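Place chain B on chain A using the hints.
Number of protein chains: 2
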Amino acid sequence: MARRDQPMIEFSGKKVLILGGMGFIGSNLAIRLADLGADVTVVDSMLAQYGGNLANLDGHQDRLHINFSDIRDSHTLSYLVRDVDIIYSMAGQTSHVESMHDPFTDLEINCSSQLSILECCRKFNPQVEILYASTRQIYGRPQYLPVDESHPIVPVDVNGINKYAAEMYYTLYHKVHGMRCTSLRLTNTYGPRQHLRDNKQGFVGIFLRLALSGEQLRVFGDGQQLRDFNYVDDVVDAFLMATGREDLHGGAFNLGHGDKHSLLEFVQTLAEFTDVSYEIVPFPPEHKAIDIGDYYADFSLFSDKTTWVPQVDLKSGLERTVNYFKTRQNLYW
Amino acid sequence: MARRDQPMIEFSGKKVLILGGMGFIGSNLAIRLADLGADVTVVDSMLAQYGGNLANLDGHQDRLHINFSDIRDSHTLSYLVRDVDIIYSMAGQTSHVESMHDPFTDLEINCSSQLSILECCRKFNPQVEILYASTRQIYGRPQYLPVDESHPIVPVDVNGINKYAAEMYYTLYHKVHGMRCTSLRLTNTYGPRQHLRDNKQGFVGIFLRLALSGEQLRVFGDGQQLRDFNYVDDVVDAFLMATGREDLHGGAFNLGHGDKHSLLEFVQTLAEFTDVSYEIVPFPPEHKAIDIGDYYADFSLFSDKTTWVPQVDLKSGLERTVNYFKTRQNLYW
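Going line by line, the protein sequences match chains A and B.
For the first sequence, the numbering used here assigns the number 406 to the last residue and increments by one with no breaks.
For the second sequence, the numbering used here assigns the number 406 to the last residue and increments by one with no breaks.
None of these hints come from the bench; they were simulated from the model.
In this text, all values refer to a predicted model and were calculated from it rather than measured experimentally.
Take the hints with a grain of salt, since some may be wrong.
If several chains are the same, the list does not tell them apart, and a pair holds so long as it fits within one copy or across any two.
Claimed, not checked - BS3-like mimics (lysine-lysine), calculated; alpha carbons at most 27 Å apart, straight line:
id: 1; residue 1: 378; residue 2: 248
id: 2; residue 1: 196; residue 2: 273
id: 3; residue 1: 361; residue 2: 248
id: 4; residue 1: 196; residue 2: 361
id: 5; residue 1: 273; residue 2: 248
id: 6; residue 1: 399; residue 2: 273
id: 7; residue 1: 88; residue 2: 196
id: 8; residue 1: 87; residue 2: 196
id: 9; residue 1: 248; residue 2: 88
id: 10; residue 1: 88; residue 2: 378
id: 11; residue 1: 388; residue 2: 273
Here chain A stands alone, though its shape is the one from the complex (with noise of 0.2 Å):
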């Protein structure tokens, strides 16, 4: 899908690191890049718990060079990082509820991993542009809303707080080192090469799975709370609108989308494209504890500093998605 509207770089011949390449995310930005011309290089750990899946870069891989390691190996990560133009930093690990069970794990790979990244900048490619998918789940439960880059950080879990503490690395390493790093506080992200394996990664991708093998959805609490969701398409646009603007740099922006919909109004969505049957169910209390009830984003600064705004709304881009995935279960579960 070309997306010519949308102003940006020249992307053609820049030399791209993409880490976490071959997650969800990560690989939708690496193939829109290569379709741009980018030279790729994807760095994935392929940790089996997590999002990185072959089947993601399925038939790009000639267009793309895949460098499997782990970026909490300091040492390859030395050697990747030189040369590069851009770096799209996007390895994480994602699971709210797991981060409670395994904080260590949490604490290496979104906190330990991104300083590791900005020292080996500093020391090897200082001029590199690194772009950081921070997560709307720093902001804990909303005080207000739309929440917007002002609202207090309060984080619910041990994955809000690192995903946090990396973010303020970034910006300090920009203050004090004068390095070019913009993060970008996604909200709910959905669409094809989500993570869909496991129950770990949030409602949006168990709803899909179990929508797309007609189990029975589970709906925790009043089905009532509102989220915004956005379009992978729309956060790969973000992503390369906000790439090379000096503007950002040292700065952290809310994606968003200007719609918003309730949990139960995203699974009738769902059942327009798929045989979806749910019961509302009250909250596990280890969900519970870490809920943060009605999230939507005020994502005006980023907007206003790039044009960006999503294109896609819920109801085509959960199409797009069920189309995606209704013929690649085998590959994603």
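Same frame as chain A, now just chain B:
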């Protein structure tokens, strides 16, 4: 010095663990708790570059248990925390400049190890009360004065980021796991047993050592930067008065002092007790990059809850400090 005017719980017979207990504040706390009849175990890594110093507990060894180990070692930690009533988490990498040179050591000690303490306690002693020594450094450059706990958190160095991540862990483990954790955000603390050996620990220690050695001080900038200063006995009071207070758990509270002084006033007060000479010089770049300008705290939140107010003014505190060190230079630098 007895401080019987301060309300606090009965410490006699309480089993207390002091992490970083051979360091500056930890050792002062250990001695006071021993005076109060507590069963005190001091844990310290004695890392050469930090504040641990055998001289700090000189004459008190028979009243305390001393366990040399590193809080980064979660195996020993998991034994040390068992059957303890109270843990004072005072161990830290405290040099702001050093945190920029070696951010990973700062991360390990100030962030990962604090998570490790919490995980060990959650598994082996979930009822323990934990008092965490946080820092004003998390606020960064004040956006208004005095700085209260609602002030934005914008750390200007890696140390501030890691200390804040740790504080967020303590808050989170209270909220999610019901653990009994309270953080105090310390301002400039000075007094007997302070780490004076090198130039990495901030201007107070540097000025004290140079003044006591009869060497010339260098005041950066114009010397008009304002600070609040807490004498260590007041900080020890604050930790003791915060202990056993369920209403503080999950919170983070500023310490501070009603009086504020410029750096020049600090030097001039020091000159009343030492032969001091100084010159005013421009900020070295690496200090300027992480300097925070004026800082003084609003500590009314903590004061209102506990009745704590500092008892010692700068003049009398510096006099006691100079008296402590002037016969012990060979033990401290």
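Here's how the hints hold up against the structure:
1. 378 x 248: within (20 Å within a copy, 37 Å between copies)
2. 196 x 273: between (36 Å within a copy, 23 Å between copies)
3. 361 x 248: between (38 Å within a copy, 12 Å between copies)
4. 196 x 361: Answer is between: at 21 Å across copies they meet the 27 Å cutoff, but 43 Å inside does not.
5. 273 x 248: between (35 Å within a copy, 21 Å between copies)
6. 399 x 273: within (21 Å within a copy, 60 Å between copies)
7. 88 x 196: Only inside one copy: residue 88 and residue 196 sit 18 Å apart there, 47 Å across copies, limit 27 Å.
8. 87 x 196: within (21 Å within a copy, 50 Å between copies)
9. 248 x 88: within (25 Å within a copy, 45 Å between copies)
10. 88 x 378: within (25 Å within a copy, 57 Å between copies)
11. 388 x 273: within (24 Å within a copy, 58 Å between copies)
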